[in-house]
Amino acid sequence: MTGRVLMAVALLFLLAFLASPESFAPLFEPFTRNNAPAIYTQTGLMSLTLSHLGLVLLAVIASTLIAVTLAILVTRPAGREFLPLARTVTSVGQTFPPVAVLALAVPVMGFGAGPTLVALFLYGLLPVFENALAGLTGQSPQVQEAARGMGLTPRQRLWQVELPLALPVILTGVRLTAVISLGTATIGSTVAAKTLGEVIIAGLLSSNTAFVLQGGMVVGIIAVLIYEGFQRLEQFAAARIGQG
Amino acid sequence: MIEIQNLTRIYGTTAVVKDVSLTVETGQIAALVGTSGSGKTTLLRMINRLVEPSAGRVLIDGKDTAEIEPHLLRRQIGYAIQGHGLFPHRTVAQNISTVPRLLGWTQDQHRARVDELLELFQMEPADFRDRMPHELSGGQQQRVGVARALAARPDLLLMDEPFGALDPVIRAKAQQDLRDIQRQLGTTLIIVTHDMEEAVTLGDRIAVMDKGELLQYGPPSEILTTPATSFVSDLIGTGDRPFRLLSLTPVAEIIAEGQAEGAEIPREASLRDALAECLWSGRDRLPVEGGGIVTLDSLRAQAAPTARAAE
Ligand SMILES: Nc1ncnc2c1ncn2[C@@H]1O[C@H](COP(=O)(O)OP(=O)(O)OP(=O)(O)O)[C@@H](O)[C@H]1O
Ligand SMILES: [Mg+2]
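Top line first, the protein sequences correspond to chains A and B. Per this note's numbering, the very first residue in the first sequence carries number 1; after that it's consecutive. Per this note's numbering, the very first residue in the second sequence carries number 1; after that it's consecutive.
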C-alpha cells in the first residue's frame, strides 16, 4: 500500500516537473555556479522525455518481438539445433558495448535516432530471450502431456498453453530490458538522437551540475515507475496461473 | 472394439513394452494392473500415439490408428492423464470444454456439458465453473481431469490412475459413476490402476503387466482363481482373494427360497457385502429385498475357487 502511494507521489512529482520545470528552479539553484541557469531550456524537457520514451518503447518492442520469436523457434523440434547459435548471438548483443554500436552504426545510418535504436535493440535482446527460453522450456510435463493428449495441434499448444504459461517470466525479461534501455538511451544524444541524455551532456559540458541532476532525476523516476508497473503486471499474470 | 496387436516400444536397448496383444470389446472395461515401471502408461500412450510404437499396431473399430492424424485421433479418444494435468491458466469450465471446443461445439452445447459433468462429479457448477485449478483440492482437480476426458463423449476412454488422489468414499462414488456413464454410453474404457480392488470392481477384463510383458488377460474371476504366474498371484494378494471373488457377484444371483429375520439386503449388493453383513450382525441368513434369502453357507461356497470352476 505504501508502495502504491509512493509511486503515485513520484508520478505526480514527475508530471508537475515536466509540465512546468521553471517552477522547480529554486530546487536546482543550489547546484549551479556563476548564475548559470538552473533549468535546461534549450529543448523542452517534456518533449525530450517523450522522444526518449518513444525511442525506448520502439527498441523494447523490437527486442521483445525478435527475442520471443527466436526463443519460440529454438524450442520447436525443428529449431532445437539452433539454440546454441541463438544464445551466442544474443549474448554478443549484450556484451558488445552500446557506444561501440553507435560508433559503427553512424557511418552507415547517419546521425539521429537510427543508431540509438539499433544499439538499444541489440542490448535488449538477451534478457527477453533468456527469460522466454526459461519460460518455454520450464513447463510442467503433465500440462504438456495433457495438451497433446487432448489433441491440440503444435500451433494451438504454443498459443493456448505454452505462451500464456510463460508470460510472467517473459514479462520479467521485458522489464529488465526496458529499465536497461531507459538508462542506456541517454548515450544516444552523443549521436544527435533526441533523448534526456542531451540535458546530462549539456550539464557535463558546461559544468552545470543542476542539468546533470535534472536529466538523471527524470530518467531515474521513470525507471522506477516502469519497474514497479511491470512487477504489478507480472504478479497479476502469475496469479492468474496460480503462481501468485 | 480396440485391438492391440504385438505392440512393442523400445527405449535405447530395453523394451519397456514387449509384444503385447489384447482386444477390448466395444463397451467393455479393461483394467491394466502391474507394478510401477511395468509399462502401463507407455502402453496406454501408444494407443493415442503420444508414443509411437517401435513395432505392432493398434486398430480401433478395425481402423489402423497409424493412418489417422495424431491430433485428430486424440480428439476422438478421451484421455485422463496420470496426475490431473489441468491447464493452470484456464478455469474449470474452460478445462473441461477443451476438446468440445476443438471439435467446434457451440457455446451453449459445451456450457451445458460442463454443468452436466460437474454435477455428475458432485461439484456444484455455480461454485466451481469459474474457479482456477489451483483453487481446487487435489481430489477435485482429479475429478475435473476425468470430466475433461469425458467431455466430448468419446467412444474410447483411456485413464491413467484417475482416482489415485480421492478418499475412499468419493473414490467409490466416482468409480460407480464412471461405470454408470460407461454402461450408458457404451464407452470402451482402458483404465490403468495400482489398486487390485479397483481393477476387480471396474474391470470386465484385467490385464496384468510385468516388465513390459502381458502376463495374463482375462475376466476378474479367472485372474483370481487361476493366476497364470506367481507374479499374478502375488499381485492379487492371497489374503484378500476370497473377498475379491465375492465382490464380483451380486446377491441377486444366488437367492434361495426361504425366510430370514432382520434388515434386508439390496439385490444389487455384492456377496462380499452380504458376507460382511452376516458376520457383523451374527446372522447366518439374510432376507433379500423383493423376496428370498442368502445363506452364509452359499456365500462360503462361492468364496472358494472350486465353486467357480464347477460352473
Ligand atoms: N521417454 C522415455 N525414455 C526412456 N525410458 C522411458 C521413457 N518413458 C518411460 N520409460 C521407462 O519405461 C518403463 C515403463 O514406464 P511406464 O511409465 O510405462 O510405467 P508404468 O507402468 O506406467 O509405471 P507407474 O505405475 O509408476 O506409472 C519405465 O522403466 C520407464 O523408466
Ligand atoms: Mg504410469
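Hint data in this document are derived by calculation from the structure and do not stem from the laboratory. None of these values were measured; they are calculated from a predicted model. Cβ atoms here follow ideal geometry from the backbone N, Cα and C, with glycine treated the same way. Any given hint might turn out to be false.
What the hints assert, rightly or not - Computed Cβ-Cβ distance ranges for the label pairs, DEER-style:
hint, chain 1, residue 1, chain 2, residue 2, range
1, B, A172, A, T137, 47 to 53 Å
2, A, T88, B, D61, 48 to 54 Å
3, A, L73, B, G37, 32 to 38 Å
4, A, S20, B, G138, 58 to 64 Å
5, B, D61, A, Q139, 43 to 49 Å
6, B, H194, A, F236, 35 to 41 Å
7, B, A276, A, A134, 39 to 45 Å
For each hint, the structure was consulted:
Separated by about 41 Å at the C-beta atoms, B:A172 and A:T137 break the suggested range of 47 to 53 Å. At roughly 52 Å, the beta carbons of A:T88 and B:D61 sit within the given window of 48 to 54 Å. Between A:L73 and B:G37 the beta carbon distance is about 36 Å. The supplied range of 32 to 38 Å therefore holds. A hinted range of 58 to 64 Å holds for the C-beta pair A:S20 and B:G138, which are about 59 Å apart.
Distance hint for B:D61 and A:Q139: a CB-CB separation of about 35 Å, inconsistent with the stated range 43 to 49 Å. The hint said 35 to 41 Å for the Cβ distance between B:H194 and A:F236, and at roughly 40 Å that hint holds. Our hint of 39 to 45 Å for B:A276 and A:A134 is violated, since their Cβ atoms are close to 56 Å apart.
Violated hints for the displayed structure, listed by number in ascending order: 1, 5 and 7.
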